[in-house]
Amino acid sequence: MQTRNFKRAYVWQLPVRLFHWMNALAITVLIITGFIIADPPVIMDHHEANDAYWFGIVRFTHFVAAYAFLIMILMRFYWAFVGNKYARWAAYWPFSNKAIKNIMHVMKVDVLLLNDKNKELRDISVGHNTVAALAYIAFFVLFLVMIFTGFGLYASMSASWFPQLFTWVVPMLGGDFTARMVHHFAMWPIILIAIIHIYLVFYHEWLEGRGEVSSMFSGYKFVRTERVISSDKEEKE
Amino acid sequence: MSETKEKRQETYYESIIRQGYSRRDFMKFATFMAAYMGLETSAVGQIAKALETTPRLPVIWEHFQECTCCSESFIRSDHPIVADILLDKISLDYTLTLMAASGKQAEAAKHATIEKGGYILCVEGSVPLGDDGNYCVIAGRTSLEILKESAAGAAAIIAWGSCASNGCVQAAAPNPTQATPIHKIIKDKPIIRVPGCPPIGEVMAGVIMHYVAFGKLPELDRLGRPKAFYGKRVHDSCYRRPYYDAGLFAETFDDAHAKEGYCLYKVGCRGPMTYNSCGTIKWNNGVSYPIQSGHGCIGCSEENFWDNGPFYERLPNMTGFGIESNADDIGKIAATVVGAGIAAHAIGANIMKRKELNKRINRGIENEENIKA
Amino acid sequence: MSERIVVDPITRIEGHLRIEAEVKDGVIVDAYSSSTMVRGIEEIVKGRDPRDVWAFVQRTCGVCTTVHALTSVRAVEDALDIVIPPNAELVRNIMEGALYMHDHVVHFYHLHALDWVDVVNCLKADPAETSRVAQSISKWPKSSPGYFSDVQKRIKKFVDSGQLGIFANGYWGHPQMKLPAEINLLAVAHYLEALEWQKEIVKVHTIFGGKNPHPNYLVGGMACAINIESQGGLNAERLAYVGQLLKQGRDFVNQVYIPDLLAIAGFYRDWGAIGKGFGNYMTYGDFPTNGYNDPSSFKIPGGIILNNDLSNIIPVDHRSTDEIQELVNNSWYDNYAEGKDAGRHPWDGETNINYSGPKPPYDHLNVDEKYSFIKTPRWKGKPMEVGPLARVLIGYASGIPEFKNVVDYALAKLEVPVDALFSTLGRTAARGLETIVIADWTVEFFDTLMNNIKNGDYRMANTEKFDPSTWPAEAKGVGYMEAPRGALAHWIVIKDGKTANYQQVVPSTWNASPRDPQGQRSAYESTLIGTPVADIEQPLEIIRTIHSFDPCIACAVH
Ligand code: HEM
Ligand code: HEM
Ligand code: NFV
Ligand code: SF4
Ligand code: SF4
Ligand code: F3S
Ligand SMILES: [Mg+2]
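Here the protein sequences line up with chains A, B and C, keeping their order.
Last residue of the first sequence? That's 237 in my numbering, and every number before it is there in order.
Last residue of the second sequence? That's 610 in my numbering, and every number before it is there in order.
Last residue of the third sequence? That's 1168 in my numbering, and every number before it is there in order.
Since the hints were derived computationally from the structure, they do not count as laboratory data.
On a predicted model such as this, the values are computed, not experimentally measured, just so you know.
One thing to keep in mind: the hints can contain errors.
Unchecked claim - Mimicking SDA-like on lysine to any residue, the simulated pairs with C-alpha atoms at most 20 Å apart in a straight line are: (1) C:766 <-> B:454; (2) B:569 <-> A:196; (3) B:464 <-> A:43; (4) C:1105 <-> B:562; (5) B:596 <-> B:606; (6) B:341 <-> C:1105.
From just these sequences and the hints, can you work out the full model?
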């Protein structure tokens, strides 16, 4: 049997990885604290209010994670202008002919699980594939919804200047109630997409064996030698 | 009779002149007032005339689709008490609830004030736009027509209560009469929205007194509500707030926690989403407010609060998802579907990609064997 | 030739009421009562959580605020078989009693009095004489000559300002105004005092329900938990506050309202013969002392009097489909499938608004066709008058001592026969008389509540069936009560935890409705017939009789 040759390719630069994990952490914290805020469990009985503050701490944690989340998102936006080609806006643009072809292909082999008769080299994604890009676009839109509604709600609880930039959000949505419900409801697609995302990352790892999981730690993926053409040098650094 | 003339209250004009200002200053003041109230220059004459001749601020109070509890709340005001407002501060020239005259005499009293101009228009109730406005007709005319007529000469409009400022209960789904708040109909006048079902009596009196005492409209927020009364959430000044922060909640009504006075968040309190003065001014001269008496806030000063039910649940019901369900129910169902999809995909992948996988595995085994020890 | 006169808006009422009357030779020969505003609350509550419905229907009216909330929670509790704790019953009774005191006093002074009292004429009064009269009829402390003189000065200054405000264009100097200047001054002084007083008695609602208007209710009981050891519940301070408010309220009723009422009525005895109706009176009964399911424990008895026959009281059954029915033959709704003249029991009722009146602006309604948003309720096809007069008559005829005492007292004082009760004057007097009785009961309820708490009963709500998952798939209930304006009931049908149908049949619906297919008039229309009108430009007599019912038209239509 013929063995393939793979080359290491540096896809995820440090800021992308940093963003990714900080973000995953922040979102996890936000989801957990969010659920508690939405439906606090009874953990105490017959207590005096002045010697307990746990719910306040949960909310405080939510807000700290919210700021961390915001900073990471801003950093990632910045990196979309200056980062490598896998990090740039272009990597998310789903409307080119190439992108559409890629979508069709991914739908066929990864979603419908059909097998290609003739494998084409160009179908192998080095960064993320276009269907993944669509999911990330959805992610980012949802992140913005969370940030705008979250800081909009937070504005009335905070005296600092930053949240005050969002005071227009709540009236636009017709009040705190709706804003809160949008904030709450939008959490669910984030959870769902994250589950699918994690599964698919492992799926690709398992099927393709190109170091998908470790890539988000090391930055490197393994790409078939033939796929690495002329710009070998550029790819490496 | 001459003695009574002397005792007559001073008008704004007279008091300004007495303080040494000229008629020119007075006209300037009237112009300023007009500009401040967002009126056109043609209204300056009217205002000047009103200030010259009327010692008490003329008020027309319209009643449309309402339950009249805004009027009721107004007469509950403790400071100032409403008798003082009516006798000393304003001239309430038209209100269906209290005025002596009925029928033609009532309408005539209103028209006399409209002709003089310079009045404040208070509106209680919403205006139905459905069926050409036939759902609210007074003296043979639709409320829509009446509102436009009274608004035209008004210096400013106060939209009392949730009805006039948001549409309130009659605008709740399916809004059979197309009940509509005032600001969606009148666009060319300053409108103060004083939401609440009803608003607190002292807040209503406060809004009027602001105008009478300072001669200008109170500062309004983005939604046109006076900041002085709607700047904070009920939750921000709720005396049960320490329990909220401590995570001490009533689980249901009259349970041990409710009796302790714990926070009502879990029985549906809308205090964290509601802007009103209930926690600070409280109700009926500071006696209590809904939360203090054990019931959660239902958000009665917020737009659409009727459609944000059930009042005793934290999350609203989502319509359009078949059976009654809230965001979390739907989310959990979706998560289950996703989980099942993933399982199916994983199994499918194992079957469909068997060949490819085997190839890779074999290749890997072969490579492993070829590795020199 | 008769002449059609229109009074629209009728003021000093709640809501939008229009009266068209045919006057011939100075007497009303026919009358039409119409409401020209509708909101559709019965449609709006459909599909809602039955536990929320009280709040929606409470907004039917802010004047009799609470009554629709109470009726609604009763209907839901009835449907779901929820029995509320005795303390909750007592708190509801106390709130209702406080409402009665408030509503009736405000009606008397602020809505009705200006029909009988000439405000401007009080300037001619001798304050010393007013003071003498006041002291002769009541021990109310504020009755010195100086006090009345100050009020008079204040009114004078007000009148001289030329801005009469709410008193502008009133019927001052009308030939039907018969009070001496001194009584006018007394009434004006108490108009202002009552305005200040009324904001106090409602604090009872604020303490138990958090606010007034529109205090909070709860399916299963009340939300105001009792905890005498905590800041968070009803404790000694809160309860003492209620006790004081009730006693002050009762004092005002007994020392101001009732003496004024009788003093003024003495000058209008002729109105004891005007405003007679068709003679059918109905009450549902209220103020349970042993739970809603035991009507025999109600302080106010339920029943029907037909044709002024006080010797026979007929029971009412809210659940029987052929007793209480509503018709829409003259109302701006879609006819029922069974046809224009059919009635429906409220459990099967429907409310499909369909305006078919003249296009505004209009001068007259087309009374040959549908002419009102008010539906027409009937009991076994008969019109019923509901309200204080019905309650007092049925209480009197049932031999309830409290009612007998006040009625006998008033009749003796006014030196009029029992017949005089069937009138405009009788209706206005009955309202006062029942307030005396109810104020006493309210203090009693409060004492019982205090006793229960003292004995360690702290329950205020039964939440066993609060969760919709505990409910049957289908249930029907009826909640009824005596609202200040009369017999009130709501019928609910619950399906799968949702409100499937909801119908309110309201006191003012009974009284203010248009005529039925047999041409029988309801109370407003029927009592106006025969009323003299001195000056058709100034319809004072019409509003007197109409005001004697204390109209609430937002209630009537909803
Ligand atoms: C992935 C991101 C986020 C998730 C999943 C999330 C989730 C949640 C959830 C479930 C709630 C409870 C809503 C309810 O049912 O009432 C909540 C509340 C809230 N969140 Fe977030 N959130 C996120 C981001 C943010 C951000 C960026 C902010 C900005 C400050 C924020 C601020 C808030 C605030 C102010 C509340 C209301 C807390 C309170 O009233 O005590 N959230 N969040
Ligand atoms: C809450 C959990 C997670 C979230 C919200 C999340 C989110 C994201 C996002 C937004 C990207 C796009 C990054 C970019 O801008 O290029 C991404 C990419 C990626 N994530 Fe995650 N991630 C989560 C968990 C994980 C986990 C647990 C792994 C791996 C074990 C992982 C592996 C990856 C990889 C490999 C990529 C690049 C994939 C590609 O483009 O083909 N993620 N993730
Ligand atoms: N009619 C009527 Fe009501 C009363 N009382 C309610 O049921 O007034 Ni607003
Ligand atoms: S806002 Fe509420 S309280 Fe005021 S009139 Fe409307 S329904 Fe009544
Ligand atoms: S009772 Fe309501 S307003 Fe008060 S702290 Fe709790 S959630 Fe906030
Ligand atoms: S229900 Fe309304 S009265 Fe205040 S506490 Fe909430 S805003
Ligand atoms: Mg009805």
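Hints versus structure:
no. : hint             : in the structure
1   : C:766 <-> B:454  : violated (31 Å)
2   : B:569 <-> A:196  : holds (15 Å)
3   : B:464 <-> A:43   : violated (38 Å)
4   : C:1105 <-> B:562 : holds (16 Å)
5   : B:596 <-> B:606  : holds (15 Å)
6   : B:341 <-> C:1105 : violated (49 Å)
Going through the hint list in order, the structure does not satisfy hints 1, 3 and 6.
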